[in-house]
Amino acid sequence: MLGCSVRVDRREGLELGLLMPANKSIDRERRNFLEGIAALILGAVATVTPLAAGLRVFLQPLRRRAGANGVGFVKVTFLNALPADGAPRRFLVVADRTDAWNKFTSVPVGAVYLRRTGETRVQAFNAICPHAGCYVDYSAERNAFGCPCHNSTFALDGRVADPRSPSPRGLDELVVEIRAGTEVWVQFQDFRTGTAARVPV
Amino acid sequence: MKGLIEWLDRRTGVGTAWRWFFYQSIPGGARWRYAWSTVLLFTFLVQAVTGFFLLGHYSASSQTAWESVFFLQYQVPGGWLLRGLHVITAQVFTVLLALHLMQQVIGRAYLAPREVNFWLLLALLPLVIGLSVTGWLLPHDQKGFWAARVPLNLLGILPLVGPDIQRLLIGGSDLGHYTLTRFVALHTVLLPALTGSLLGLYIYLTRRHGLSGLVQPAGQVNPARLATPESGSSAAYWPDQALRDAIACLAVVVTVLFVVLRPRLLGHGQPVPELLGPANPAEPYSAARPEWFMLWLFQFLKLFPGGTELWGAVILPLLVVLVIALMPWIGRWRLGPGFNTGFMLALVAGVIVLTALAVSQDRTDPEYQAARRAARIEAARANVLAQAPTGIPPSGALSLLQGDPLTQGPRLFARNCASCHRYDGNDGAGRIPKEPPAASDLKGYGGREWLTGLLDPQRIASLHYFGGTKLRDGKMVRFVTKDVAGFSPAERAQLEQVIVALSAEAQLKSQREADRRDARMILEGKELIENQTVRCTECHLFHRKGDEPIGPDLTGYASREWLMAFVADPAHERFYGKKNDRMPLFGKDEVLDARSIGLVVDWLRGEWYQESHK
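The listed protein sequences derive, respectively, from chains Z and C.
Each residue of the first sequence is one higher than the one before, counting from 1 in the working numbering.
Each residue of the second sequence is one higher than the one before, counting from 1001 in the working numbering.
Simulated from the structure, these hints should not be mistaken for lab results.
Note that the structure is a prediction, hence the values are computed from the model and not measured.
Glycine included, C-beta positions come from ideal geometry on N, C-alpha and C.
Far from chain C by the CB rule (all over 12 Å, computed), these chain Z residues:
#1 I26
#2 D27
#3 L82
#4 I128
#5 D137
#6 C149
#7 R159
#8 V160
#9 A180
#10 E183
#11 W185
#12 T193
#13 T195
#14 A196
Derived lysine to aspartate or glutamate pairs resembling DMTMM-like cross-links, with alpha carbons at most 25 Å apart:
#15 K1002/C x E35/Z
#16 K1470/C x D1569/C
#17 K1475/C x E1527/C
#18 K1578/C x D1547/C
#19 K103/Z x D1404/C
#20 K75/Z x D96/Z
#21 K103/Z x E1607/C
#22 K103/Z x E1611/C
#23 K1475/C x D1441/C
#24 K1509/C x D1427/C
#25 K1526/C x E1548/C
#26 K1526/C x D1515/C
#27 K1002/C x E29/Z
#28 K1443/C x D1404/C
#29 K1509/C x E1607/C
Hey, can you work out the whole structure from these sequences and the hints?
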């Protein structure tokens, strides 16, 4: 192709007598430009293909819908295990869990604080501090929840107790159901930490 | 922007290096064949990129390697494509490297001052083969597991250091967690780092010496080269050669994509790359072969009888490498270049012949074909079980197959039952034994059809039922061949009801619908059995206690419990008692454990997980 175009140039050059060298250099410049563009585009296509295949897999977690890690209602304990005076107690939440390729049956998926608010009424909080995800402790002396990481404190009803607490919201309350009269079931769910709004993860 | 680049260049020289790379003059102008080194680098980078993303989805342990690869291949959208790109590009890389080496020999590119370029290329080959071998094992499927064992075992025959190297690679004496973790470390860190460094050095040196073989040892221009018509002028790398390089790289990507996508576009054939069932150290996969580009070595090793493997696996390959490494000097003789080219062509011819032999031998080997088929069936089954709602337990996918009646039943049957019994005329695993059966064919055992045949005067004494056993001369056969043969049409109708009722005792999954539909008929049939109309209870017990029955108790006949007890102890008085023929007391004599008996029984009864078709 190159030889062909040069030959045409040469003939034109002969006819016009003068223009050949100028024409050739303009032609060459244009061809270089087009070749450069083509090299860039084709090279980019070749490079991007494997990169895109990898990124598609890598970015998969972003396509997961919110709340997908919820395990639904889980039987946590019996009413009798909760002190009548309303003092909170911590319980392990044991449920079935899917972790990528594995399906686990009856494994710990988190913890909750349960406290009695009436004869058959129970309040439940996710034990995770909404600030940065540490597990909060209940202190009987202070009668409040305290986070060991950044000292957020929460009242028994879950609200932020001390305005100096870094936590952007109170403890995350979970839905409780009393089934068969004595069984305490909790709709277990984790929430995004660090935000004022409660967003299921 | 320009200022920033200049600032950077003054401190790092990056701009100068850039100009050196892109505006270097190529003597004789751009050529397609100069694209090789760029394509090699590009292919390596594709492997690095796809490899990084694969590593992000891989878990190296005996219980998670296959499982994580399976998950990527079948559950993560696009995972199959990523894996396909990596596996096929690896093969392309090896082939390109070997071809490039060929090209360098034929083009005499090894001559001074390019000896080191040539050696670098030669050193890359074993590294790339090492990458392949470590890569095979990682999916931890039957193919990878058994194919990786061969190079590992060959290492063991190296004198002095062999066993130790083998032990180091395996991470012990058996393939396990440490083999996988060590292979991952080699495959993703050490070998790529070495390959990348050598390749970078190679490309730097080719650029340093100029791309072609234009410069002679004495530093004079090679007149033979200049005389070629296209080499009148020299041109900068950018953009002429760059365009050629880009097109060549794109061609590699398109080729790889074509290979990976072809089975999907055609809608049939095995997915590329295939993933067989999880590695099972107790079930050898006899059809395990190295990747196709290494088949020649596999075939070559067959030529060496026991005790001489060292020659085939180590000494001869090393000699070949040595000859190639010496080519820069051999090539200085008058006939040297001809010898070098001839040597390489002979090697290629040898590789082609050996590969063709390996392929054709496997193609005509019925055992190889049977092993392939069995492995594919097992892979499909592992796939179904792993995608079942119960999922893969922490003990791994192999445990799913081990507890699966459809997988284990035929194997146990072939090993323990098929010396007398048959299953649909074969040994359960698809092979037809030479000896005639000595006991009944158990396909559909307890089903209506099977019982109809048993109570057929023409068939009961055939080899399909009692023909091969001592029972051929027993009361049951006499009853069927004499009495049943003389049944009136009314009695025959009653017998049909009895068959339906007796078959319902088995509670077979395949008859669940029919049993529900014929509930009334079953009830009447039961009554017919109980009040002796068809005379079963003259010899058999049926839903009542009694002493010293003549034949097996028909209560719950062919149900799971009944069959488990029967296989465990057929000579129990509930079954054949003293009249038991040659059937071993599998449970009582501890030939099989209860789990194995359960697997055979469940398989015979058709009780296994089936995917629900939407």
